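Asker: Let's have the full structure, built from the sequences with the hints guiding it.
Chains as they are written, first to last, in the working numbering: chain A, 54 to 487; chain B, 54 to 487.
Accuracy of the hints is not assured; some may be wrong.
[What the hints assert, rightly or not] Heads up, simulated DSS-like pairs for lysine-lysine below, C-alpha to C-alpha not over 25 Å straight-line: (1) A:Lys310 - A:Lys452; (2) A:Lys236 - B:Lys344; (3) A:Lys344 - B:Lys452; (4) A:Lys77 - B:Lys452; (5) B:Lys310 - B:Lys344; (6) B:Lys452 - B:Lys310; (7) A:Lys77 - B:Lys474; (8) A:Lys474 - A:Lys452; (9) A:Lys310 - A:Lys344; (10) B:Lys452 - B:Lys474; (11) A:Lys344 - B:Lys77; (12) B:Lys474 - A:Lys310.
These are calculated hints, taken from the structure and not from any lab test.
All values derive from a computational prediction rather than experimental measurement.
2 protein chains.
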Amino acid sequence: MVSIGIIGLGTVGGGVAEILERRKDRIRDRVGAELILRKACDLREELSETSGVSPGSFTTDYREVLEDDSITLVAVLTGNADFAFECIKECFKRGKHVVTANKALLASRWREIFTLSRESGCLIYFEASVGSGIPVIQGINEGLAANTIDRVKGILNGTSNYILTRMSIDSSTLSEAEALAVKEGFAEVDSSADISGLDAAHKLCVLANVIFPRPVELDEVYREGIDSIEAIDIEIARDMFSFSVKPLAVLRRHGDKVEARVHPALLPEDDMLAGVSRENNGILVEGDAVKGVMFYGKGAGRYPAASAVVSDIIYLAQKINYGVAGRIPYIHTDTGAGTPVLDMNELSFQYYLRFMTVDEPGVLSEISGILGESGVSILSCFQRGRGEEGVPIIMLTHKAREGALREALSRIDALEAVKKKSVFIRVESDREIE
Amino acid sequence: MVSIGIIGLGTVGGGVAEILERRKDRIRDRVGAELILRKACDLREELSETSGVSPGSFTTDYREVLEDDSITLVAVLTGNADFAFECIKECFKRGKHVVTANKALLASRWREIFTLSRESGCLIYFEASVGSGIPVIQGINEGLAANTIDRVKGILNGTSNYILTRMSIDSSTLSEAEALAVKEGFAEVDSSADISGLDAAHKLCVLANVIFPRPVELDEVYREGIDSIEAIDIEIARDMFSFSVKPLAVLRRHGDKVEARVHPALLPEDDMLAGVSRENNGILVEGDAVKGVMFYGKGAGRYPAASAVVSDIIYLAQKINYGVAGRIPYIHTDTGAGTPVLDMNELSFQYYLRFMTVDEPGVLSEISGILGESGVSILSCFQRGRGEEGVPIIMLTHKAREGALREALSRIDALEAVKKKSVFIRVESDREIE
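Answerer: Right, here's the structure in full:
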């Protein structure tokens with residue numbers, strides 16, 4: 054018999070309790086022993102019933118979970134990162150293994166957590182923290198263990214992918230699309246962490262730290278939200294250049310350094326990630342032997358996330374039952390220096406640019422002159438009919454260094470003929486678009 | 054230190070030996086000990102050099118691998134299923150764990166192998182047997198362990214996918230596309246097992262047996278090759294109905310029974326599998342909690358397959374090093390009755406139909422009359438300009454029982470006005486095409 058506890062019976066935790074009960078027999082077969090949910094805790098008493106936890110197992114006091122010596126495994130499923138950290142620390146101290154889905158916690162306190170894990174001999178599994186139910190952590194860590202992972206390119210945030218997909222289909226504004234996402238259950242009322250790219254940056258950090266023993270720090274990940282994108286850019290990029298706009302997270306090895314960035318990007322239509330739409334996630338992982346492998350599925354929701362948590366629980370409980378849990382370390386993390394992240398200004402991309410200008414002769418020449426002086430070469434350029442906000446000038450550039458482009462844009466934005474901050478979106482493609 | 058052996062240094066085995074040498078340091082870190090390739094065997098002496106195996110470790114006598122007591126893990130990478138089986142039996146008898154990529158062996162002798170594995174306490178890993186380097190076996194078995202898997206829908210054979218993709222792009226014939234596949238290294242000179250669907254059926258069987266404790270027998274899997282498909286069908290299906298033709302393998306749970314079938318199928322363009330082209334594989338797995346998860350990547354090639362084998366080796370060697378290998382069973386297989394497969398004639402599909410007829414009045418009425426009598430209802434129908442082989446009549450049906458359709462087609466094929474055996478391709482879609 055393996056006794057477990059749950060701290061947090063919200064969306065994910067409630068789903069976990071449900072599946073544990075509904076799939077009892079199947080789980081017993083896999084674990085090799087009865088799996089008992091001994092104690093489940095949440096401050097909201099009404100969640101006991103909705104998640105089917107019996108009154109005898111339910112508590113509002115998390116210490117009852119931590120202090121129960123029969124419990125050898127705790128699913129820490131609270132959204133509060135600081136509280137989750139305290140729980141995990143206490144679990145390790147008391148010899149309890151942990152499963153969590155809290156990416157904010159993992160991204161910000163990776164070293165501490167894995168140092169404590171190693172010292173205590175207790176394991177922590179966290180499959181649900183990236184890609185929800187998609188088994189990408191295990192896939193990278195074990196299934197692709199033979200590979201040096203050179204790149205990860207992923208759509209890691211379902212909410213922002215849903216919003217950009219909606220904007221593309223309906224030509225709706227970001228806030229209209231956001232409202233719809235809330236209504237359909239693909240966004241929380243406060244989706245600022247999704248829109249700003251923070252959630253994706255957390256997940257990219259987790260992936261980076263599974264791949265690199267020397268961790269990547271969260272605040273070194275370049276981050277740009279999808280709120281710079283307007284429906285007009287999605288439409289032009291699609292109709293003129295056959296691009297899809299996607300909320301992208303990229304990690305790429307450059308010798309001892311990495312590129313780590315989260316921002317909206319334009320993908321050519323034949324890129325598999327361009328086909329990942331709505332609330333779905335897609336994660337392309339490139340290893341030196343395997344080349345590209347993509348993992349795809351729903352990036353959010355009660356049951357997909359609970360699927361990953363319960364799979365982790367089964368997997369750990371099986372090890373506990375057979376007396377081998379903690380014998381093999383799960384993640385290798387060095388305590389020394391981290392992996393340095395390259396300066397975004399040193400990277401090069403092709404760019405989609407949109408300038409809103411006054412309708413006067415000479416403006417195009419002025420803009421292209423400044424780009425030229427900064428060494429940004431234009432691949433194609435066209436002007437659209439005048440709109441309310443001025444005359445849009447659209448450009449696609451050849452590959453240019455980001456620092457050079459930014460310098461040029463700040464000069465262009467200062468021109469009197471330019472009426473709005475110019476828009477730029479990076480093209481993410483291995484081959485130069487011509 | 055963990056000592057291993059390799060039997061078979063062909064495409065995959067040679068790649069494995071190479072990666073073991075090239076990634077020595079990384080592998081040592083993961084295993085927690087030095088991994089030594091003690092003995093590698095192949096009858097072709099020249100393969101010693103191409104795979105970088107030192108003369109001291111190379112042998113042409115496989116018994117040297119099996120009889121070396123220091124070897125605790127053997128990668129059995131010969132293509133000969135009977136010989137592979139003898140090797141595995143001997144490994145288990147001598148307490149050696151096994152990694153293999155041989156799907157023909159696994160599909161045909163699953164029960165025997167896993168009975169011997171359980172009795173001996175030795176493990177067998179086989180990630181490379183399906184989807185090459187894509188970690189789909191582990192994904193299903195461990196990453197999705199919380200789920201009841203209800204369906205698997207996959208493009209499991211890279212060669213036939215490459216051929217159909219080429220036929221679609223170039224309007225080439227099957228044999229032209231096949232020749233190109235051989236030239237580009239995506240097909241062997243004898244690709245009959247790929248074309249006929251046998252290879253995909255092997256892989257579907259392996260997936261089925263990972264999912265269902267009661268095994269599915271290979272000869273119960275319905276199997277139809279891609280050689281019934283002509284370029285004209287690919288073109289019409291695409292241009293008229295926006296379908297992609299894909300070599301599909303489907304497994305679906307129906308209570309205690311399953312649907313298990315391999316055949317070319319038409320996919321709507323927005324199906325993620327429709328975007329899986331060329332030599333790639335894509336495997337959609339549907340679980341009750343996680344909904345659909347797709348695994349995608351190269352389905353063939355030396356290094357992708359070697360990636361999966363070496364990952365298995367690392368994973369097993371780690372367990373051997375920490376003294377826990379064999380403590381937890383990997384696959385659960387019952388020795389009793391198998392899982393029965395539903396009769397194909399009882400399943401229902403929408404169908405694309407093509408009849409080649411003589412140019413006479415009344416033919417269309419005769420054909421549609423027979424279909425109607427069998428209860429096959431026509432959704433749309435059109436006639437193309439006359440070709441060399443007659444006048445093509447194309448139809449898309451509503452959902453119909455396969456048995457009823459086959460009965461109608463055999464009557465239609467017997468008509469004097471019908472010049473060739475009629476073509477039918479199943480539409481694979483969850484929603485009825487209208």
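Asker: Does each hint hold? Answer for all of them.
Answerer: For each hint, the structure was consulted:
1. A:Lys310 - A:Lys452: This hinted pair holds, its Cα atoms lying about 21 Å apart.
2. A:Lys236 - B:Lys344: Holds. A:Lys236 to B:Lys344 sits at ~21 Å (cutoff 25 Å).
3. A:Lys344 - B:Lys452: violated, 40 Å
4. A:Lys77 - B:Lys452: Cα-Cα ~37 Å, so violated.
5. B:Lys310 - B:Lys344: holds, 20 Å
6. B:Lys452 - B:Lys310: Between B:Lys452 and B:Lys310 the Cα gap is close to 21 Å, so the pair holds against 25 Å.
7. A:Lys77 - B:Lys474: violated, 52 Å
8. A:Lys474 - A:Lys452: holds, 22 Å
9. A:Lys310 - A:Lys344: holds, 20 Å
10. B:Lys452 - B:Lys474: Status holds; Cα separation ~22 Å.
11. A:Lys344 - B:Lys77: This hinted pair holds, its Cα atoms lying about 20 Å apart.
12. B:Lys474 - A:Lys310: Not satisfied, since the Cα-Cα distance of roughly 62 Å exceeds 25 Å.
The structure shown violates the earlier hints numbered 3, 4, 7 and 12.
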